[in-house]
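The primary structure of each chain is shown beneath.
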Amino acid sequence: MRRVWAVIRREYLQRVRSRWFVFATAGVPFLLVAATAIPVVLASRNEAVDRTIVVLDLTGDVGPWVARALEEGGYVVESASTVAEERVRQRVESGEVGGYLVVDRESLVAGHARLVVNGSPSALRQLGIRQAVIQAALEHQLVGTATDVDQMLAGGALEVEIIAGSGGGTNVPAYAAAYAGSFALYMVILLYAVAVMRSVLEEKTNRVVEVILSSLSPWQLMLGKILGVGAVGLTQLAVWVILGGAMVALGLPALLAARPELGELAAITSGLPGPSFFAYFLVFFLGGYFIFSALYAAVGAMCTSDEEAQQAQFPVMILIFVPVVALVGVIENPNATLSVVLSLIPFFSPFLMFARAVAGAAPFWQVALSVALMVLTLVGVTWIAGRIYQVGILMTGKRLTLTELMRWLRQA
Amino acid sequence: MTDEYAVRLEGVTKRFSGHTAVDHLDLEIPRGSIYGLLGPNGSGKTTSIRMIMGILLPDEGRITLLGSDLDQTRREKVGYLPEERGVYKKMKVLELLVFLAEIRGIPRKVGRGRAGDWLDRLELGDWADRRLEDLSKGMQQKVQFISTVLHEPDLLILDEPFSGLDPINQDVLEAIVLEFHRGGMTILFSTHLMDQAERLCERVCLISRARRVLDGDLKEIKQRERTGVVAVSFDGPDDWLAGPEVMRQEAATGAVHLVLHKGADPRGILRRGVASGAEIHRFEVVEPRLHEIFLRHVGEQAEEGSGRAATGIVRVPVASSR
Chain A
1 MRRVWAVIRR
11 EYLQRVRSRW
21 FVFATAGVPF
31 LLVAATAIPV
41 VLASRNEAVD
51 RTIVVLDLTG
61 DVGPWVARAL
71 EEGGYVVESA
81 STVAEERVRQ
91 RVESGEVGGY
101 LVVDRESLVA
111 GHARLVVNGS
121 PSALRQLGIR
131 QAVIQAALEH
141 QLVGTATDVD
151 QMLAGGALEV
161 EIIAGSGGGT
171 NVPAYAAAYA
181 GSFALYMVIL
191 LYAVAVMRSV
201 LEEKTNRVVE
211 VILSSLSPWQ
221 LMLGKILGVG
231 AVGLTQLAVW
241 VILGGAMVAL
251 GLPALLAARP
261 ELGELAAITS
271 GLPGPSFFAY
281 FLVFFLGGYF
291 IFSALYAAVG
301 AMCTSDEEAQ
311 QAQFPVMILI
321 FVPVVALVGV
331 IENPNATLSV
341 VLSLIPFFSP
351 FLMFARAVAG
361 AAPFWQVALS
371 VALMVLTLVG
381 VTWIAGRIYQ
391 VGILMTGKRL
401 TLTELMRWLR
411 QA
Chain B
1001 MTDEYAVRLE
1011 GVTKRFSGHT
1021 AVDHLDLEIP
1031 RGSIYGLLGP
1041 NGSGKTTSIR
1051 MIMGILLPDE
1061 GRITLLGSDL
1071 DQTRREKVGY
1081 LPEERGVYKK
1091 MKVLELLVFL
1101 AEIRGIPRKV
1111 GRGRAGDWLD
1121 RLELGDWADR
1131 RLEDLSKGMQ
1141 QKVQFISTVL
1151 HEPDLLILDE
1161 PFSGLDPINQ
1171 DVLEAIVLEF
1181 HRGGMTILFS
1191 THLMDQAERL
1201 CERVCLISRA
1211 RRVLDGDLKE
1221 IKQRERTGVV
1231 AVSFDGPDDW
1241 LAGPEVMRQE
1251 AATGAVHLVL
1261 HKGADPRGIL
1271 RRGVASGAEI
1281 HRFEVVEPRL
1291 HEIFLRHVGE
1301 QAEEGSGRAA
1311 TGIVRVPVAS
1321 SR
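As given, the protein sequences belong to chains A and B, one line each in that order.
Take 1 as the starting number for the first sequence in our numbering and just add one per residue.
Take 1001 as the starting number for the second sequence in our numbering and just add one per residue.
By construction, these hints were calculated from the structure, which means they are not laboratory data.
Take these hints with a grain of salt, some might be off.
To be verified - Using 16 Å as the maximum straight-line C-alpha spacing, the simulated EDC-like pairs for lysine to aspartate or glutamate come out as follows:
{"no.": "1", "chain 1": "B", "residue 1": "1222", "chain 2": "B", "residue 2": "1287"}
{"no.": "2", "chain 1": "B", "residue 1": "1090", "chain 2": "A", "residue 2": "202"}
{"no.": "3", "chain 1": "B", "residue 1": "1137", "chain 2": "B", "residue 2": "1123"}
{"no.": "4", "chain 1": "B", "residue 1": "1219", "chain 2": "B", "residue 2": "1235"}
{"no.": "5", "chain 1": "B", "residue 1": "1089", "chain 2": "A", "residue 2": "202"}
{"no.": "6", "chain 1": "B", "residue 1": "1092", "chain 2": "B", "residue 2": "1060"}
For reference, chain B alone in the conformation it holds in the complex (with noise of 0.2 Å):
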C-alpha cells in the first residue's frame, strides 16, 4: 500500500493471433498524478488499459496496481470507462447506474443517492426515470462517466473520455477530471487528441506501433525537446537578426522563426536587437506542441521500423502463438 506508484507495468507484451498489441511495455504511473497514455489509433493505448482492468490476460510482463495485483481492490478502487461502452438500453438511467455501483460493491441504497447527485450537478436531474434510449449520445456519456465514479475510485482510467461531447459538456467533465485530480485521485487517459493532453496531464507516455516511445513529466519533454526556435516579431530594422547563433531564419505567420545552432544561448540576439533599436514585440524560446513532438516521434519510429518489417507490426511465428 505504500507503493508510490498507482499503476505500473513491467515489460508487459500482448499478442494476438498473427501481430503484437503491445511490446515490453514500461509505466509508472505516480499516485496523484494526471497522467496522459497518447499514440496514434491502433497504437496499444486499449490493449494497454484492457489489460490494466485485468480485462485481457498479459502474455508476458507484470503489472501491479494501487500497490496490489488483487482483482478485488481492482474492481473497487479504480473506475474505468472503456473505450468501447456501452448501456442498457431498455434500462432507466437511474437504475442503470444504481446496479453498475452495485456490481462494485456500493449498497444499493448509497448507489441510488450517490447518483441521483451527480445526475443533478451534471444536469440530467429529470431524466433519471427516462429510459437510456431516450437520451442523447452526449448525455449517455455523461451517465457513462457518472458510473466510473459512483464507488469514488482512488484511481480513475479513462479510454478517451470526450471523443463525441460537444465543447460545452467537454470542459464540464474535464473540470470534473481536474477537480478529481485536486482531491488526490490518479488519473489515467487515454487520447489522440493532443491538445486535450497538453490542458490537462501532469505526465505523458507516448506509444506507437506497440511500443513506448516517450514518457515523463509533460514540462521536463517539452524542455528536452526544444529544438532551439526562437520566435521574433518586432518593427524596426532587421539587421541584427543574423549572426553566429543562428543557423537560419524561416518566416512564419505574424513572426520571424530563427532556428539555433545546437547549443547556441539566445541572448546574444536579445542584446544585439535591443541595441540596434528595433521595437520588440515579442521574443520567446518557443516550446514544441506536443503535436509537433509526437508526429516528429512517431514518425522517426516509423522510419526505423519500415527497416524491421514493412508494415511496422511485427509478425509472430505462428509456432510461438502456442
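Here chain A stands alone, though its shape is the one from the complex (with noise of 0.2 Å):
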C-alpha cells in the first residue's frame, strides 16, 4: 500500500504544484470575487452624493410616495415641490446632489417620469428608479383598497397542490441548481477523468512506464493515479466551494450594503444551494469520476498517442453524452417512466440521478439504488480497464483492433 500511495503522492503534488492548477483553482473564485467586488469599489466612490436625489413633484401630490419607494431603494431623497427646477438643476451640476427626478401627472397615469442627472446612470440604476415610480404611483391609485402592492408587484405566489403522483413539483431554485450541478459535474468528471487518460498516454509514450511496471503491478499503477487525480479533483472543488462560502457569507452583505437596489440578502441566498446539493454533488462526483476515469485509463492504455486517443475515447464520450443531452428533459419531466430508467443507468446516474434528487423528484430509495448500481459498475469497468491496462500498457506502435481487445480481455 505505501507503493499506491507514493504514485498517489507523486500524481497528487505534481498537479497541485503545477501553473495550470494555481491558475484554475484560484482563477475561478478570482473571477467570481472580482466580479463582486468590483461593483461595490465603484458604488462607494462618491456615495454621498450619487444617492442623494431631490425629487421635483410636480403634482405636488404623489412626491412623498416615490420618496419612501426610492427610501426603500437606498436614495437619500429630498423632496421639493415649490422649488424651481433651474435651481435644482445647478445644484446637480455643481455635484451637490446626484441627480433629481421629476414626477407629474403622467407618472401617476402611466408610471413616467424624468430622471437628471450628471454621467449616465446604470441600466440597474434607471431600473431601480423606474420601479419606485410605479410602486408609488400604484401604491397611490390604490389607496383605501386592500391590495398588497409589494405583493403584487413581486409575482405573486401560486400554491401547487398535487393530487396523484409522486413527488413535489420542482421549484425554480431547484431546477436551476439541479442543471448548473449536472453541468459543473459534466465539466470537472470529464475534466479529470481525461487528465488520467493523458497520465496514462504520457507514461507511455515517455517510456517511463516499464520502469514503473518493474516496481508495482499495472493495477497498482492504475490505482494510484486515479486516485492521486481525483484528490486533486476533490482539492480543487473544496477550495472552490470554501471560497464560495466565503463570498455568499462576507462578500455578498457588503456588496447588498453598497448596492441595495440588487435586491434583499434572504432572498438571493434561499436561491443557492444547500448542503444537500454539496452531498449528492460529491457523491456522484466519486461514481461519476471513478468510473469514467477507469474507461479513460483503459483507453489511454490501449493507445500510443494523442492522436488515437481522440478517436479511442469516442465511445466513452457518448456515454457522457446521453446524459447531457438528455439532462433538459429529464429536469422537465422528472418523474417521467423514461426519466426514471435513464437516471439509473449507472453510466448516465452521475448526472441524472443528481439532477432528480437535487430538484427532490427523486426518492431516496431510487437515489440509494443508483448509488448501489454505480458501485456495482465501479467494481467492474475497473476490473476490466485493470485487464486492459495491464496488457495494452505496454504496447507501443501499432493500433489496437477490437478482436485483439477481446482476446486481451480473455488472456490476461
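The task is to assemble the complex, starting from two chains supplied on their own in separate frames and drawing on the hints.
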C-alpha cells in the first residue's frame, strides 16, 4: 500500500504544484470575487452624493410616495415640490446632489418620470428608479383598497397542490441548481477523467512506464493514478466551495450594503444550494469520476498517441454525452418513466440522478439504488479497465483492433 | 533461498500474434556471476528480460528468480534498467529518484540519502533540484542507472545499459558494475556490443532468432571455439612454416595465420621455427573474438533456419494463439 501511496502522492503533488492548477483553482474564484467586488468599489466612490436624489413633485401629491419607495431602495431623498427646476439643476451640475427626478400627472397614469443626472446612470439604477415610480404610482392610486402592491409586484405566489403522482413539483431555484450542478459535474468529471487518460498516455510515450511496472503491478499503478488525480479534483472543488461560501457569507452582505437595489440578502441566499446539494454533488462526483476515469485509463492504455486517443475515447464520450443531451428533458419531467430509467443507468446516474435528486423529484430509494448500481458498475469497469491496462500499457507502435481487445480480456 | 542460480528459465516460450519471440529458452544464471545476454536486434533479448521481470507472462515454461517466483521478491531484490527507458520530464532529479525508490519499498528519507550520495558520486550533485528535461540524454541515463540500484538489489538486470553514453561515462558505469560484481551482486545484462561483453562478462548466452545458440563460461567457450589458428610474426627464413600440421597459410596484418588440421599440435611448428634460426616475435594460438563466434553461430543458424521458414520467424497457426 505504501507503493500505491507513493504513486498517489507523486500524481497529486505534480499536479497541485503546476501553474495550471494554481491558475484554475485560484483564478475561478478570483474572477467571481472581482465580479462581486468591482461594483462595490465603484459604488462606494462618491457614494454620498450619488445616492442623494431630489424629487421634484409637479403634482404636489405623489411626491412622498415616490420618496418612500426610493428610500426603501437605499436613496437619500430630498423633496422639493415648490422650488424652481433651474435651481435644482444647478445643484446637480455642481455635484452637490446626485440628480433629480421629476414626477407629474403622467407618472400616476403611465409610470412615466424624468431623471436628470450627471453622467449616465447604470441600467440597474434606472430599473430601480423606474420600479420605485411604478410602485409609488400604484400605491397612490390604490390607496384605501386592500391591495398589497409589494406582493403583487413581486410576482404573487402560486401554491401547487398535487393530488396524484409521486414527488413534489420542481421549484425554480432547485431547477436551476439541478441544471447548473449537472453541468458542473459533467465538466469536472470529464476534466479529471481525461487527465487520467493523459497521464497514462504520457507514461507510455515517455517510456517511463516500464521502469514503474518493474516495481508496481499495473493494477497498483492505475489505482494510484486514479486516486491521485481524484484527490486533485476534490482539492479543487473544496477550494471553490470554501471560497464560494466565504463570498456568500462575507462578500455578498458587503455588496448588498453598497448596492441595495440588487435585492435582499435573504431572497438571494434562499436560491443558493444547500448542504444536501453538496452532499449529492460529492457522492455523484466520486461515482462518476471513478467509473469514467477507469474507462479513460483503459483508453489511454490502449493507445500510443494523443491523436489515437482522440478517436478511441469516442465510445466513452458517448456515455457522457447521452445524459447531457437528455438533461433538459429529465429535469422538466423528472418523474416520467423514461427519466427514472435513464437516471438509474450507472453511466448516466452521475448527471441525471443527481439532477432529479437535487430537484427533489427522486425518492430516496431511487438515489440509493443508483448509488448501489454505480458501485457495482465501478467494480466491473475497474476490473475490465485493469485488464486492458495490464496488457495495453506496454504496447507501443500499432493500433489495437477490436478482436485483439477481446483476446486481451480473455488472456490477461 | 539456497538455490545456486539467481535466475533460471526452463523452456520459456513467448509468442506474439504471428511470431515466436522466445522459443523454449533455458537459461541458468549462477549467483554472483556477471552474465551477458547477447544477440542481434530482434533476437528476443528484451522479451526474455521482460518475462524475467514479470512484465510479460511467458506462454510456456517456468521462471524462477533468486530461488523464488514471488512478485514481491522480484520487486525488492532486483534492479532493472529497461531498454525503453524514460523519465518524468517535469520532475526534479532528486524527487524522481526518491519516488522510484519508494515504489520499491524504500522509505523516503533513506531514499533521499542514497540518491544524494549517488548523484554526488556520478557528478550530478548540482543537478539534484533541476528538472529532468533540463538534463542531457547522457545525464538522464546516469539518473536512470542510479534509480536501478537505490534499493540495493541482489540482482541487477540491465537491458542495453550503455547505449548512447560517451566513452568516459561508459567507463564510469562499467567500473561501478564491476564493483557491484565484486560485492557479490548478480548482474545480467543484454547487449549487441561484443567488445563490451568480452570486457565485462564471465558467462554469456548467445541467442538468435528466439533460440539459444551458445551458453556458458566465456573462457571455456573461447577454448571450445578455437579454430586451430596460430598467428606468427617473425624475421628470417620462412620454410619452417610448412609442415604436416598446417592446412594452409593466410596473410594477415603484421602476421601470418597458420590454419592447422583438426587436432594438430602447434608445438612441432614452434620447434622447427626455433631450429631454423628465425627471429620469432609472436607465436600465438589465436582465441576467436566473441564477435567472430557470434557471427559464425548466427550465420550457421540463419542457414539452418532458411530451410524451415524463409524469414527464420516461425509462423504460428492462428488457431493456436487462443
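Checked hints:
1. 1222/B x 1287/B: holds (6 Å)
2. 1090/B x 202/A: Holds - the C-alpha atoms of residue 202/A and residue 1090/B are around 11 Å apart, at most 16 Å.
3. 1137/B x 1123/B: Within the cut-off at roughly 15 Å; holds.
4. 1219/B x 1235/B: The hint is violated at about 32 Å.
5. 1089/B x 202/A: holds (10 Å)
6. 1092/B x 1060/B: violated (41 Å)
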